[in-house]
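Chains as they are written, first to last, in my numbering: chain P, 15 to 150; chain L, 13 to 136.
Everything labelled a hint here was simulated from the structure, so no lab data went into it.
Don't be surprised by glycine CBs; every beta carbon is placed ideally from N, CA and C.
Take these hints with a grain of salt, some might be off.
Ranges between beta-carbon positions, derived for each pair [unchecked claim]:
{"hint": "1", "chain 1": "P", "residue 1": "Gly47", "chain 2": "L", "residue 2": "Thr72", "range": "50 to 60 Å"}
{"hint": "2", "chain 1": "L", "residue 1": "Asp24", "chain 2": "P", "residue 2": "Tyr94", "range": "29 to 39 Å"}
{"hint": "3", "chain 1": "P", "residue 1": "Ser33", "chain 2": "L", "residue 2": "Lys62", "range": "32 to 42 Å"}
{"hint": "4", "chain 1": "P", "residue 1": "Asp132", "chain 2": "L", "residue 2": "Ser57", "range": "22 to 32 Å"}
{"hint": "5", "chain 1": "P", "residue 1": "Ser123", "chain 2": "L", "residue 2": "Leu33", "range": "56 to 66 Å"}
{"hint": "6", "chain 1": "L", "residue 1": "Lys46", "chain 2": "P", "residue 2": "Lys131", "range": "23 to 33 Å"}
{"hint": "7", "chain 1": "L", "residue 1": "Leu33", "chain 2": "P", "residue 2": "Asp132", "range": "32 to 42 Å"}
{"hint": "8", "chain 1": "P", "residue 1": "Ser142", "chain 2": "L", "residue 2": "Asp24", "range": "33 to 43 Å"}
{"hint": "9", "chain 1": "L", "residue 1": "Asp60", "chain 2": "P", "residue 2": "Ala105", "range": "23 to 33 Å"}
{"hint": "10", "chain 1": "L", "residue 1": "Gln53", "chain 2": "P", "residue 2": "Gln134", "range": "28 to 38 Å"}
{"hint": "11", "chain 1": "L", "residue 1": "Val64", "chain 2": "P", "residue 2": "Ser123", "range": "48 to 58 Å"}
Simulated pairs of lysine-lysine, DSBU-like, Cα-Cα distance not exceeding 30 Å [what the hints assert, rightly or not]:
{"hint": "12", "chain 1": "L", "residue 1": "Lys35", "chain 2": "P", "residue 2": "Lys55"}
{"hint": "13", "chain 1": "P", "residue 1": "Lys55", "chain 2": "P", "residue 2": "Lys131"}
{"hint": "14", "chain 1": "P", "residue 1": "Lys131", "chain 2": "P", "residue 2": "Lys68"}
{"hint": "15", "chain 1": "L", "residue 1": "Lys46", "chain 2": "L", "residue 2": "Lys95"}
{"hint": "16", "chain 1": "L", "residue 1": "Lys35", "chain 2": "L", "residue 2": "Lys65"}
{"hint": "17", "chain 1": "P", "residue 1": "Lys91", "chain 2": "L", "residue 2": "Lys35"}
{"hint": "18", "chain 1": "L", "residue 1": "Lys65", "chain 2": "L", "residue 2": "Lys20"}
{"hint": "19", "chain 1": "L", "residue 1": "Lys62", "chain 2": "L", "residue 2": "Lys95"}
{"hint": "20", "chain 1": "L", "residue 1": "Lys46", "chain 2": "L", "residue 2": "Lys20"}
{"hint": "21", "chain 1": "P", "residue 1": "Lys107", "chain 2": "P", "residue 2": "Lys91"}
{"hint": "22", "chain 1": "P", "residue 1": "Lys91", "chain 2": "P", "residue 2": "Lys131"}
{"hint": "23", "chain 1": "P", "residue 1": "Lys55", "chain 2": "L", "residue 2": "Lys97"}
{"hint": "24", "chain 1": "P", "residue 1": "Lys131", "chain 2": "L", "residue 2": "Lys62"}
{"hint": "25", "chain 1": "P", "residue 1": "Lys107", "chain 2": "L", "residue 2": "Lys46"}
{"hint": "26", "chain 1": "L", "residue 1": "Lys65", "chain 2": "L", "residue 2": "Lys95"}
These are the residues of each chain, in order.
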Amino acid sequence: MARSKYSSLQEDINAIFASQPWLDLQIETHPEGFVGNTYEKEYVVVTIIASEPKTSITSVSGQILIDIYIPAGLGLKRAYEIADLLDEQMAGKVLYNTLAGTTQLGSSSLQGRGTDKDNQSLYRAIYSIPFTFFGV
Amino acid sequence: MGYDALLKRQVDAAFAALGDLVKDVQLLNRTAVKFDFATNQPDFSADDSKTVKGIMLEKTPNKKSNKVGDSLSSGVHQELLLKTKDIEAPDLYDTAIIEGITWRFVPPYTDNGYTTTVTLVRGS
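Just chain L, same shape as in the assembly:
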C-alpha cells in the first residue's frame, strides 16, 4: 500500500475513533455558473446534497465593538474539519446543516489533500 492510500485510511480511522465528536454534516453544494445581468441574479447549478462526517473545531464568538467601521456583530465563526474526499471544491454559495443549524461557507479554505478545514458562519 502506498503512502497516499495509507494516509487516507488513517484519516478514516481517526474519524471513526472520535465517536460522538464526529457529526453528520448535510452539505448542499451550489455553484454559480454565471451572472445574469437581465435578472440581476447569479445563475446557479442544480443543488447537490449529500451527508458526510465532520468535526467541529474552534468556534469564534460574536465580535462586539463600537469602533467606527466595525460591525456590531460579525456572527459566530465555526471551523469544520472534513475529509477532503467528501468535499472537492468548497464554494461561497455552499451551505452545511449540522444538528439542525444551517451554516454558510466563508472562504478561504485549507486543504492538505486528506483533510479540508472550512470556516462556517450561521445563516442560510
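Chain P with its partners taken away, still in its complex shape:
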C-alpha cells in the first residue's frame, strides 16, 4: 500500500472540498495546478505539501496551504471568516476515505500576505494546517 500514500492523502483532502457542507458555502475552490477563469472575486487555492518523510515508508507528513484571495481594500474580515470556515471542516479532523491509511489534521494558522502580486485587486492570506498521513 506504500505506493498509494500520496494518492490516498490527496483523496482524503479532496473529500473535504467535495463534501456538501463545503459546497454549500459556495466558496470557489481550486487545487494548485488548475487554471480557472474567474479570478476577479474571492476564491481559495489548495496546495498539499507532503514534504516530511516518516520512519514508516507508508506514512508522510507536511502542511496543507490554502491561499485565500479576497477583494483588496476591504480589510481582512472576510479572510478571517473563510479561515474559520476552513477550521470547521479541517482542524483536528481525522480523515479515512481509503483503505491505505488515515490523515490526521492538526491546528491551523493564518498569515496575511498583502495584495496579490499578479492581481493587485485581490488580497492574499495563507491558511496553513499540518497533517500526518498514517499508512497501513
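Assemble chain L onto chain P, guided by the hints.
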C-alpha cells in the same frame, strides 16, 4: 471611417496579402468552469470549434540540456499570429490544429487589440 475600423481593415488586408504564409487554424476552445474535487478533474464547458487564419512566426526548437533541474526536452514552441477578432480569450486548455498537427496553448499571450500572438507547444 474611424482609426479603429481602419486598422482592422488593414489587418484583414495584410492577412489577405500574405498568401500561403497564412494557414488555416482549427481552434478548439475549452474553458475550465470549475474543479470537481469528487472526480479530481476539471469540469470543462462544451468545446467550441472554428477555423480561422493564422501566421506561423518564430519557432523555438527543442531545448537540450543536462543541467540539474532542466528538462531534457522542453518541446517545440511555435508563435502564432491571429486576428484578435478571431480569438477573444486564449486559454491554457485551448488547442489548435494546423496542417494536421495538434498544438496546445502556452500562456502568456499578447494582444494589441488587432492581432494576438500566442505561443503553442506540440501535443494534444
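Verification of the hints:
no., hint, result
1, P:Gly47 to L:Thr72: 50 to 60 Å, "violated (24 Å)"
2, L:Asp24 to P:Tyr94: 29 to 39 Å, "violated (53 Å)"
3, P:Ser33 to L:Lys62: 32 to 42 Å, "holds (39 Å)"
4, P:Asp132 to L:Ser57: 22 to 32 Å, "holds (24 Å)"
5, P:Ser123 to L:Leu33: 56 to 66 Å, "holds (57 Å)"
6, L:Lys46 to P:Lys131: 23 to 33 Å, "holds (24 Å)"
7, L:Leu33 to P:Asp132: 32 to 42 Å, "holds (35 Å)"
8, P:Ser142 to L:Asp24: 33 to 43 Å, "violated (53 Å)"
9, L:Asp60 to P:Ala105: 23 to 33 Å, "violated (43 Å)"
10, L:Gln53 to P:Gln134: 28 to 38 Å, "holds (32 Å)"
11, L:Val64 to P:Ser123: 48 to 58 Å, "holds (50 Å)"
12, L:Lys35 to P:Lys55, "violated (38 Å)"
13, P:Lys55 to P:Lys131, "holds (15 Å)"
14, P:Lys131 to P:Lys68, "violated (35 Å)"
15, L:Lys46 to L:Lys95, "holds (28 Å)"
16, L:Lys35 to L:Lys65, "holds (6 Å)"
17, P:Lys91 to L:Lys35, "violated (53 Å)"
18, L:Lys65 to L:Lys20, "holds (14 Å)"
19, L:Lys62 to L:Lys95, "holds (13 Å)"
20, L:Lys46 to L:Lys20, "violated (35 Å)"
21, P:Lys107 to P:Lys91, "holds (25 Å)"
22, P:Lys91 to P:Lys131, "holds (21 Å)"
23, P:Lys55 to L:Lys97, "holds (27 Å)"
24, P:Lys131 to L:Lys62, "violated (35 Å)"
25, P:Lys107 to L:Lys46, "holds (26 Å)"
26, L:Lys65 to L:Lys95, "holds (8 Å)"
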